[in-house]
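Construct the entire structure; sequences and hints are all you get.
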Amino acid sequence: MRTLVLNAGYEPLAVVSFKRALVLVMNEKATVVEHTETDPVWGTRRSYERPAVIILTRYVRVPGGRHVPVTRRGVLRRDNHRCGYCGKAASTIDHVLPRSRGGADSWENLVACCLRCNNIKGDRTPQEMNWELRFLPRPPRGGQWTVRGTERTDPRWEPYLALAA
Numbered sequence: 001m002r003t004l005v006l007n008a009g010y011e012p013l014a015v016v017s018f019k020r021a022l023v024l025v026m027n028e029k030a031t032v033v034e035h036t037e038t039d040p041v042w043g044t045r046r047s048y049e050r051p052a053v054i055i056l057t058r059y060v061r062v063p064g065g066r067h068v069p070v071t072r073r074g075v076l077r078r079d080n081h082r083c084g085y086c087g088k089a090a091s092t093i094d095h096v097l098p099r100s101r102g103g104a105d106s107w108e109n110l111v112a113c114c115l116r117c118n119n120i121k122g123d124r125t126p127q128e129m130n131w132e133l134r135f136l137p138r139p140p141r142g143g144q145w146t147v148r149g150t151e152r153t154d155p156r157w158e159p160y161l162a163l164a165a
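Per the UniProt record's numbering, the very first residue in the sequence shown carries number 1; after that it's consecutive.
Be aware that a few hints might be false.
[Unchecked claim] Okay, the calculated beta carbon distance ranges per label pair:
hint, residue 1, residue 2, range
1, ASN80, PRO40, 32 to 38 Å
2, TRP42, ARG116, 48 to 54 Å
3, ARG101, ARG72, 19 to 25 Å
4, ASN119, PRO159, 53 to 59 Å
5, ALA14, PRO40, 19 to 25 Å
6, PHE135, TYR48, 43 to 49 Å
7, ARG46, LYS88, 52 to 58 Å
8, THR125, ARG61, 42 to 48 Å
9, TYR59, MET1, 43 to 49 Å
10, GLN127, THR71, 22 to 28 Å
11, MET26, ARG72, 35 to 41 Å
12, MET1, GLU28, 31 to 37 Å
13, PRO40, VAL62, 29 to 35 Å
14, ASP105, ARG45, 48 to 54 Å
Just so you know, the hints here were simulated from the structure itself, not pulled from any lab data.
Heads up, the beta-carbon is just placed ideally off N, CA and C, and yes, glycines get one too.
Following this line, the structure appears as structure tokens:
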């Protein structure tokens, strides 16, 4: 079970294990905002509700301009696991301008791609293949991208992640 950690201003900061969240609550560094109705955690003297969302009691300064690093998982997630060329399910990523021709590992040059399209395209550009991208690749934006661990979200997190978007 994972827990969403909010800054004192309700800004999503991170996703931690419920054990780490419980330690923050027990040390009075955070309070529980949302919890699971079932499956409490039993201590030696009492039971605790299992936290789903906690908020820190003090504001933590976050460095400005959080940069989202380019990763294979991130590209697939941004493109909803759909091929940028044919729209089928994607399992690989492709450089629009191939690396052999100086293409960079950047959000603007990478798209999710199915194995078939990736093999056919090889080290050519979409223009040489007379192919068109189904969308323009861009860097991701929004709070869900700057908070680590929000790939699989809990439904109780949605209102808090929507505030950051």
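Outcome of the hint check:
Taking 32 to 38 Å as the suggested C-beta distance range, the pair ASN80 and PRO40 conforms, at roughly 36 Å. Under the hint 48 to 54 Å, the C-beta atoms of TRP42 and ARG116, about 52 Å apart, fit the expected range. Taking 19 to 25 Å as the suggested C-beta distance range, the pair ARG101 and ARG72 conforms, at roughly 20 Å. Range check, ASN119 to PRO159: Cβ separation about 43 Å, and the 53 to 59 Å hint is violated.
A beta carbon spacing of about 23 Å between ALA14 and PRO40 agrees with the range 19 to 25 Å that was offered as a hint. Checked against the given bound of 43 to 49 Å, the beta carbons of PHE135 and TYR48, roughly 46 Å apart, stay inside it. In this structure, ARG46 and LYS88 meet the distance hint of 52 to 58 Å, their C-beta atoms being roughly 53 Å apart. Roughly 44 Å separates the CB atoms of THR125 and ARG61, a value that falls within the hinted 42 to 48 Å.
The hinted range of 43 to 49 Å is not satisfied by TYR59 and MET1, whose Cβ atoms lie roughly 26 Å apart. As the Cβ distance of GLN127 to THR71 is approximately 27 Å, the hint placing it in 22 to 28 Å holds. In this structure the supplied range 35 to 41 Å holds for MET26 paired with ARG72, their Cβ-Cβ distance being about 38 Å. Evaluation of the 31 to 37 Å hint for MET1 and GLU28 yields a failure: the beta carbon distance comes to about 21 Å.
Range check, PRO40 to VAL62: about 32 Å between beta-carbon atoms, so the 29 to 35 Å window is met. For the hinted restraint 48 to 54 Å between ASP105 and ARG45, the CB-CB distance of approximately 53 Å keeps it satisfied.
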